[in-house]
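Participant: Given the structure of chain A, go ahead and fit chains B, C and D onto it with the hints provided.
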Amino acid sequence: MKVLRLFLSSPAAVIGFALFLVVVAMAASADLAYPGDPLDLAGRPLQWPFTNPRFPLGTDVQGRDIAAVIFHGARVTLAIGGAATAIAMTIGIAVGALAGYHGGLVDEILMRLTEAFQTLPNFLLLLVFIAVFGSDIATVILAIGVVSWPASARLTRAEFLTLRSREFVQAARVLGMRDLPIIFREILPNALPPVIVYASVVMAVAILLESALAFLNLSDPNVPSWGNLIGTGRAVLRTQWYVSAIPGVAILITVLAVSLVGQGLNDALNPRLKGRP
Amino acid sequence: MTPPLLSIGDLTVALPRGADRPFALERVALDLVPGEIHCVVGESGSGKSMTAMAVMGLLAEGVEATEGRIDFRGCDLLRLDEAEMRKVRGREIGMIFQEPMTALNPLRTIGDQIGEMFRAHTDLSGPEIAKRVPALLADVHIPDPAAAARAYPHELSGGQRQRAMIAMALALEPAILIADEPTTALDVTTQAQILALIRELQERRGTAVLFITHDFGVVAEIATRVTVMQNGRVVEQGAADDVLDRPQHPYTKALIAAVPSLEPPPRPRLAASHEAALTIDHVSKTYGRRGLFGASKRVVHAVRDVSLSLPRGATLGIVGESGSGKSTLARLIVRLLDPDRGAIRLGDVDIAALSRRALRAQTRHIQMVFQDPHASLNPRHKAGELVAQGLIVHGTPRKAALARAAELFALVGLDPAGVDRYPHEFSGGQRQRIGLARALAVGPEVLIADEPVSALDVSVQAQVLDLLVRLKTELGLSMVFITHDLRVAAQICDRIAVMRNGEVVEIADTVDLFAAPRHPYTRALLAAVPGRHWIPPVPERRIVGA
Amino acid sequence: MALTRREALLASVATTLAAVLPTAGRAAETPKTGGTLTYHLGSEQRILNPALRASTGVYIVSSKIFESLVDLDAEGKPVGVLATSWEAAADGKTVTFRLRDGVTWHDGKPFTSADVAYTALELWKKYLNYGTQLQQYLEAVDTPDPLTAVFRYARPIPTALLLRALADLGYIAPKHLYEGTNVLENPANTAPIGTGPFKFVQYERGQFIVAERNPAYWRKGFPYLDKIVWRVITDKSAASAALETGQIQISTYSSLALADYDRLAKDPRFEISSRGIEANAFNNTLEFNVRRKELADVRVRRAIAHAINVPFFIENFLYGRGKPATGPIPSSSAAFFPGNPPPYPFDVKKSEALLDEAGYKRGAGGVRFTLKLVPIQNGEDVPLLATYIQQSLAKVGIKVEIQLLDIAGALSTVYKDWNFDLATGWHQYRGDPAVSTTVWYRSGSPKGSPWTNQWGWQSDVVDKLIDDAASELDPVKRKALYAEFVAKVNEELPIWLVTERQFIGATWKTVKNHHNQPRWDSSDAHDTWIDA
Amino acid sequence: MRIVLLALRRLAASLPTLLVLLVGLFVLLQFAPGDTVDALMAQMGGGDPAAADELRRFYGLDLSVPVRLGHYLWRLVQLDLGYSAIYGKPVAEVIVERLPPTLLLMGASLAFAFAGGLVLGVFAARKVGRWPDTVLSTLGLIFYATPSFWFGLMGIVLFAVDLGWVPAGGYEEIAGGKTGLARVLDVAWHLALPTLTLALIFLATYLRIMRASMLEVMTLDFVRTARAKGLSGMAVLTRHVLRNALLPMVTLIGLQAGTMLGGSVVVESVFALPGLGRLAYESVVQRDLNTLLGIVFVSALLVIVVNFLVDLLYARLDPRIVS
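Chains as they are written, first to last, in UniProt numbering: chain A, 1 to 277; chain B, 1 to 546; chain C, 1 to 532; chain D, 1 to 323.
Keep in mind the hints are simulated off the structure, nothing from the lab. Certain hints may be false.
What the hints assert, rightly or not - Under the rule of at most 27 Å between Cα atoms (straight-line distance), these lysine-lysine pairs were calculated in the DSSO-like manner:
(1) D:Lys89 <-> C:Lys125
(2) C:Lys479 <-> C:Lys266
(3) D:Lys127 <-> B:Lys87
(4) C:Lys227 <-> D:Lys178
Chain A extracted, bound-state conformation (with noise of 0.2 Å):
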């Protein structure tokens, strides 16, 4: 209650929660506000904002209400970022949790690999899985949470390594609990908090890396998702800027607030800055 306390005390924490929780009511009211596919032939294309009551953000190069698509769109990079990031921090605290409670051997195998990982440029990474499983959005998800879990799970394994020679530990050990128990029920709740301040920037990442794939053209078109928009966008940035820079706003504005939940968690949660106004 203290970090709900101390979160809600930074108005950079509150507003981007205000503006993750506006992007959630968006993703959410979508099939209200604009039924039917958003990827249907609304209108002419590229008609500006405003200029047709129809479309109040415009029509994009083919012929999509970009208000329909930005609301749909938003489930879409809502479900891109959530499920990456879940997959990402699911093998990152696998990982981590795993090599840093055992350590010797397993540890030093796990890390290898999470540096084999992480001195491979993610998107290069991405690019090939990519090039490999084609660019159906339920890999694209996968993808980019295969490529992003390195950093996570070093994360859980610094704080696992910490943890596991704490007291508490030691106590549930002398008492006899199995190790399993110890990481899950002992460790890991105490080791979430910085992790969990990661997932945001994992999420964040999550959202540009789609974005950046889609500017090469090489995310699923069968969703509306906002890098895609940004994608056809790109063709008439010059004329046309609206197309990519309402979409590019919309991400902008996700990640900004998923980074300032993230911050103001971070501040939250960091004893080190308690008690500072």
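Facilitator: Only chains B, C and D this time, still in chain A's reference frame:
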């Protein structure tokens, strides 16, 4: 009486809104006279450190002195601006801190950091400073001062670091030295040396010392005058002898009463043939640090060929300074660490040889109480769950285990309603009781207590020790009690093993050990106990051995 | 326009003369010599030898360095370059070229018929894409003297087809540098030696290629330019910006974004047009995998064609640049265009009726069936059309899922693995249907050849028409055979050609004498100059 | 000597990592639809099957996967990165040509992000919780949250097309024949905008770390000691806080070396820079396996070298590491 050098009057310091109380200090008054060592003593939260920081003008942001004055050389330090205050700090008032490792910048050499005093406050040239620094270090009896000046903090021992800190604080020969718990983080022998050094320098230079401590032993060792503080207020003030031997205020009386005496109480001797609850047989443990490709391997012998036996129903003390291997030994006994060699027998079972699975079954017979009441309880679980945990692990249904936890709460003197609260809602002493309840829950025969009271304030420490002794008797436990504090050991142990560098140098019944220590190291330890000549003026002993 | 052999010969002599003499009529202003022309290069080129690689990306660069036997004149008729005249025997199996005298390679060696014979047999016939097809019946090249090359074929080859094709597939490489070497790894592939007006200087990978004036060029007084620089810019928006800042002066073959062409067309500094690129028309395609049950029914294929509003697509997505296609031979191909209208106009009702008739009623959610569409991304409009097809077919109850792959993936998925229902990309028409168009319909193409009939569709009638036309010497009969071919494939519809388009170029108006013949960007630019 | 030994040891320690990486990618790419000949055919605008078969034979694509992998590894042992199908040269040559722009871009961006993050981080930390802190942190986040291609393209429109301050793209003036300082300035002028684009993404991270690190160090005991010594706020900051606060920043350089290379894919593409990032993207699209593996090899080496340098720097900054 000489006029005071520093005079604190009616000092009130307000805490920021949202803190647990409105004021950190209330109407604190205190005079520091030239040539005296004035001890400010109190438990944590008493405001003793806050007083020192107020004098230095280094109160944390949001914490403010709202009333009062701090007169020094004719001006009120509270009224000085930052630039003027900077001239006072270091030059007029030097300060040393509790933890010399963290109080020194790890990235800069000792010489550089001492030299900074001159660079900040004088116009001395570089070569002159370079000459002064080794002289200062020699003054605090650091061997090879020139090398020490070139060294980084981590390259010196704890005692040497604190000497360097003192050299730095006294570099400009300030009128006042404020020492904030300067020996608390040090081993007892080092502590004795540092206390001697402070006294020596103080006598030689006539510096007035404001000495902040929680330890009445230290007070007895060093103080000329004493101020006792409680909850931000001064409760008693006077000459050291008066306060120590004839305390007036009930709080002072209680505090002094809680200080364990160095004299062991009379207790029945242990029969030689007494059955052993736990036998440690030639146990060794080394830590090898392996470099890349096994290149440079440094080996630390943490525990070297230790053999001990714990008679059933008795308390075996293991005493030593940091690095002596006493905590490693404790962890070896409960197999938190695997011994390299040797056997640890609990009855007929050799714990050291058990598989992980078999070991888990054995854990109900041997349990451990940890030192740090903050770190030893998982903050994410409710207190009741923590206590019930061991029972659940060993097969008791959750509901029954939780019910038992409530009983155990009562047993260790806690309100059974507290089972639903989280650890951070308890005080340090209460948490240590929870830790004890957790260990007792599974019904062990042997209890390993690793410095269970050293993180506690003295009054709380006494209560927890009382509880420990009472339960040990009631439940028929045998106990290994690990401590660095000879006073505590004297009161609670039947037999004491003294460890140094991983080896047991002497083992004897407590009474014999204190009466006639055989090993030179044991003698050195005993000689170093601060205030060893002071007998706390309390008629009845509150801690009774079994 | 059909030519007899005699007419062709006469025309070629005339235009050869015209080529040798400065094109005085067109150049109203006095040409200035000197200056550097900067070209946009949209993709990195691995090989700069047009006798090994037939592609516009290679031609943009290498056509300034190498020369072909023939080129096209302003009217699109073959005109001699390294050849001065040619004659075909009556049986159509022998074609004799007279070669230009006094031409030297950039390294000083003389150009002779041995170079022609070597290039034709060792490079075109063995390695050159489309060249291997064109020259598959070439048996020998006789060189009775250094300036005569006699091509002998096992089967008759129409002269018009050969000459038109040689404009692209007739570049001559130096025998003395290639003979006895590993041709594909020859260093001259990236540091080419030709006979053209410009000499290769430098190729900085990923950045630029430089060629400078060849002072020993056989057209005396040419070229005007001192230097040509090709600048590699892969990003379309970045390329537009480079054009606007003057970093590049010409961008061609639709290498910029359509929207930018539209925008730049309003800028008086630039000429935006298809002038001088019209030789290479192309179509947006919709390819049907008839192995799929639904698509095996021609009614379904026709229904799909009817469901798509092509004029709307062109107007709104292509900025009006293009028209509905009439079949595999574009209206710009005067020699072969049969003159029919677009066969399947937009008609949703008819589309739905055809689908119903074929037995595919709307099911749950109004969906009749689902198809997988693979876009083959040649240009930015391919994904646009893919989406438009998806949107349009949704309206008639066909759900389309787009499977986006990069180009290598798409090619192998469609042409090698046949793992598609629908595919959409570009078909390029290279002046004569036999060069690269009929392979889209002829059966028997080995599995895995891109841009060939891999649809599982076969028609003996069409196969025969294609074969007959390829060896028919009489241009009138040939045209008639192709008209019949167009009618047949429009009816059967194994693939549907959606649009008919031409490439667009953007050129600074300070560049003079540009795009003055139908394949100018693949030509030598010897008379181009810059009005600085 | 000890340093060389240490470097070699680090390299040796990462060899298994590298091997796993290369073999993994090699195998992974075998599952990709299409091969380099398909890509070549696409670039050529098509061709007949005979030509395609000839090319496949030529590039050894007709051999089985294990045989090719074996060949590749055997050549690698001899430090031969193989031959690029798309570029028609040894991979080593192709990469060496492309390395300088990427190194310059990464180095300059890193320096900019580091310096900017340092200065702004210190500033934000000193004003923690007040509006300059909020504004700086938020601005940093906005840069961080802006897709880099959008930022780059808009930068080109504004600074190159409209204002004409910098060129729209490219690495240097083509065939300008410039040498010495003139060439250096020319390249710098071309790289200004790309550097800014790439740096701004990373600036936020450095700012955030520096700010947090400053705040943390400022709570440490030795800072209190320094203040108790009577040092001025500035002296405390520069002589005690800064160097300690720099340690996590230095660590971050090592962690981000790989990420930066990934970021340069998009930036190099937008600014038409002949760098390694774009080369990597192109070789994925072109299925130029040898080049891609070569890039992976070189970028891994690069990351290892950067981390080695970071270790050296760290050891210089922190005497505790040496012992």
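Participant: Go through the numbered hints given earlier and state which of them the structure violates, listing their numbers in rising order.
Facilitator: When the structure is compared with the hints, only number 2 turns out to be violated.
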